[in-house]
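Peer 1: Starting from the structure of chain V, add chains R and C where the hints point.
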Amino acid sequence: MRTAVITGIGVVAPGGLGTKAFWELLTDGRTATRPISLFDASAFRSRIAAECDFDGTRNGLTEREVSRLDRAAQFALVCADEAMADSGLEFDEVDPYRVGVAIGSAVGATTGLEDEYLVVSSQARDWVVDPAKAVPQLYEYLVPSSFAAEVAWRCGAEGPVTTISTGCTSGLDAIGHAVGMIEAGEADIMVAGATDAPISPITVACFDAIKATSPDNDDAEHASRPFDRTRKGFVLGEGAAVFVVEELESARRRGAHVYCAISGFATRANAYHMTGLKPDGREMAEAIDVALRRAGRQAERIGYVNAHGSGTKQNDRHETAAFKRSLGAHAYRVPVSSIKSMVGHSLGAIGSLEVAACALALEHQVVPPTANLHHADPECDLDYVPHIARDVELDTVLTVGSGFGGFQTAMVLTRDAA
Amino acid sequence: MTAPVVTGIGVVAPNGVGTEKFWSNVLSGQTGLGPVTGFEADGYPVRQVGEVPDEFGEEIPNRLGVQTDRWTQLAMTATVEALRDAGIDPAGPLPFDEYDIAVITASSSGGNEFGQREISQLWSEGPERVTVYQSIAWFYAATTGQLSIRHKMRGPCGVVVGEQAGGLDALAQSRRMLRTGTKAVVTGGTEAPLSPYALVCQGASGLFTDGDYLPFDTGASGYVPGEGGAILMLEDGTRDTSTVYGTMAGYAATFDPRPGSGRPIGLLRAAIGALKDADIDASEVDVVFADGCGIPSRDAEEAKVLTELFGPRGVPVTVPKTMTGRLAAGGAPLDVACALLAMRDGVIPPTVGVRNPLPDLDLVTEARPVPVRTALVLARGFGGFNSALVLRN
Amino acid sequence: MLTIEDLKQVLRQCGVDESVDLDADILDVEMAELGYDSLAVLEILARLQQRSGTVIPEDAVADLVTPRLLLDYVNYLIGVA
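Chains as they are written, first to last, in the working numbering: chain V, 1 to 418; chain R, 1 to 393; chain C, 1 to 81.
Since the hints were derived computationally from the structure, they do not count as laboratory data. Computed from a predicted structure; not experimentally measured. Hints should not be assumed to be uniformly reliable.
Said to hold, decoys possible - In silico lysine-lysine, DSS-like type, Cα no more than 30 Å apart, as pairs:
#, chain 1, residue 1, chain 2, residue 2
1, V, LYS313, V, LYS232
2, V, LYS211, R, LYS183
3, R, LYS304, V, LYS324
4, V, LYS313, V, LYS324
5, V, LYS278, R, LYS276
6, V, LYS211, V, LYS232
7, R, LYS183, R, LYS152
8, C, LYS8, V, LYS211
9, R, LYS183, V, LYS324
10, V, LYS313, R, LYS152
11, R, LYS304, R, LYS276
12, V, LYS278, R, LYS304
Okay, chain V solo, but in the shape it has when bound (with noise of 0.2 Å):
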């Protein structure tokens, strides 16, 4: 049986471009979460957000790629960028049509869409906008293959090329997917990871409108806060992680650093509500087990869970449901933590996010923690790993997801115990 493993990584993160920056970031427990200063936010609910102090042509774009793509797809390059690099694997020498490339996006170009919206629609006065007023690149903005597309220019990949957009579970099915495609043969090497850029008007107002998102403005930097009993909804965040992912005996030939292996994934889908989650996590609970199945792995071998932990009353609960489901006792022991305490919720990035994350804490035997994390709450009562980074000896890492349209994925990486 292939199988898939990871051997690059590019993040694009609040708080630190760049793995090092962002694994810093994690392991000192700070948080990225702060005013919204990408617009003017003074009329909306929540107006606070994880943004990322990014500069395309100070990380390798050209002026022009940076005034024509949209800033989600400039991440996406910046981290593909990266990881090429890590991995060490010279891309103008494979086969190109054994290259593919997923890319996941929750919301794609919305950041472009919304700003080109007001030239061609003269400030929302016309709805039958003009079009003498588009610029040449509102397609890409209009359809997300965009992305995946620049990310296989940028690696010259020929083989299959997708954009995957699953709400917030892209960044995790993004990845499912690439793996799916070298198991079974379709690819050797796929680019894949996920990227979104939503701090715009529309995104920050729609999540409003629900009271998704925390209201605390004025404590920006506590806002996110997973699992405690007063938390208020999810920081909206943004940002990007791309990895190279290989076929585990190619990667060995040429000697490639591996960080883990990616050894079970699977989606359900809650069937439920398109916002709503039940409390009792049953289809979270049925992903995770499917997963684990596939990687071959009991429970109790897990030794991190990195939550979605988006930091809403309804996912907090349901999610902490899910892992009792099924992981029994074990989910009493395990360490279980979320980055959305540190980084907010980038929607359909975040989970490539998370997966940069555990594939770090394998590469360092470091769990990252849960930043936030004062006020016990009865419903979420497992190990949270409050505050501060701690040493464990891992092998298997279980990370879930979960989205709107009822999307629940989950994905184990492993590495072989010494």
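Peer 2: Only chains R and C this time, still in chain V's reference frame:
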């Protein structure tokens, strides 16, 4: 499972809501193209579009109507038909374990009209005017999510985006799930890209014609968009069912090289890959449902691929999307539906409007009664996506 | 002050379930029974706030489970304003 089978088809198209109505219109060359009726489109880069008649949504409950974009509503209607066609009651219970059936659709422009309306509201009235449903109606996963909930399908659901090629990629992802334990997938896709903003976004690509959509015509000048698509029930073949339209015998996908590399485009390799995957020779193909972009350089590329694979005029080629416009996420699924119906009825549907076809192609311009056992469907997505699918009876 | 007719207009904008007759005696029927889930209730409240010029505190929302409770509360806010 040797190869997955299609057991149900649902269609919503500009020239017919419902599979049989659509198909009979297609065979008689009845176009669904017409002027934009949704708004005053003077000065827009396109003069004809394929609009689905509004009656398509009569059976959609009000509660769902207010929280979905037209794109999702098109898919809901087609899904009900596909399920009934497969002998399944859309109101349940399903003849599958809840985790054994999934929904995997292709998306392209998503809930763009709903989104345009809400962005307008936000900027003209204020943030508090944005509806709660914006968070669930516009994003690319909305259709898969709503279908999964409506029909209680809890298997491995997904959303694939490859612009015009995505529909074939959704079928491929469905096949991967069927190979790893899932028993049935509601798949395919729809598109509703005719809002003013969506049209302007598409027009910015420079690929529209404000004349006629004439793929493979020496006078080709671009394409026109349409709305609609098809939903297909793809199963592992273990359920006892009376309807089996055909099997998904082979698939492959490639991506074109970066511009300026000097390397060849990937369409030929995708087609060859699909044939190889189906373990058949090109000579066994009875018809090609071509992508038919309608841009002269793209048409020439595709014609060259067809000539290389099949020889000059070596296989009947057809583009029934000349009657609907290009439907992005809905386009390839609708071509798959046409291919399966062509197999069922032994007739190749026509390409409409093309008077001066490229000489090396046997372009079918009138419905041609001929046995069809094997069909090749090609789809090319904006940016360089090439997907190919082989269907067999 | 808002009347039941004003509320019914808003309910219609948010989609009426085919099995529900809004002209029947609905004042004390729970919103869920009328076919309005948690999202729909948020939408209904947002529109009522816009109509009445009031702001409904977020922690009051959970108790407003029937049309009568909704109307009474919004009218209370109007009276107080």
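Peer 1: Take the hints in turn and mark each one as holding or not.
Peer 2: Tested hints:
Between LYS313 of chain V and LYS232 of chain V the CA atoms are separated by roughly 7 Å; this keeps the pair inside 30 Å, and the hint holds. For the hint linking LYS211 of chain V to LYS183 of chain R, the alpha-carbon distance of about 38 Å lies beyond 30 Å, and the restraint is violated. Restraint check for LYS304 of chain R and LYS324 of chain V: the C-alpha separation of about 59 Å exceeds 30 Å, so the hint is violated. Our distance criterion of 30 Å between C-alpha atoms is met by LYS313 of chain V and LYS324 of chain V, whose separation comes to about 17 Å.
A C-alpha spacing of about 46 Å is found between LYS278 of chain V and LYS276 of chain R, which places the hinted pair above 30 Å, so the restraint is violated. The hinted pair formed by LYS211 of chain V and LYS232 of chain V meets the criterion: a straight-line CA distance of about 9 Å does not exceed 30 Å. About 15 Å separates the Cα atoms of LYS183 of chain R and LYS152 of chain R, which keeps this hinted pair within 30 Å; it holds. With a CA separation close to 24 Å, the supplied pair LYS8 of chain C and LYS211 of chain V stays within the 30 Å bound.
Between LYS183 of chain R and LYS324 of chain V, the direct Cα distance comes to roughly 28 Å. Compliance with the 30 Å bound is thereby established for this hinted pair. For the suggested pair LYS313 of chain V and LYS152 of chain R, the alpha carbons sit about 25 Å apart, so the restraint of at most 30 Å is met. For the hint linking LYS304 of chain R to LYS276 of chain R, the alpha-carbon distance of about 20 Å falls within 30 Å, and the restraint holds. Proximity of LYS278 of chain V to LYS304 of chain R is assessed by CA-CA distance (about 55 Å); at most 30 Å being required, the pair is judged violated.
The earlier numbered hints that this structure contradicts are 2, 3, 5 and 12.
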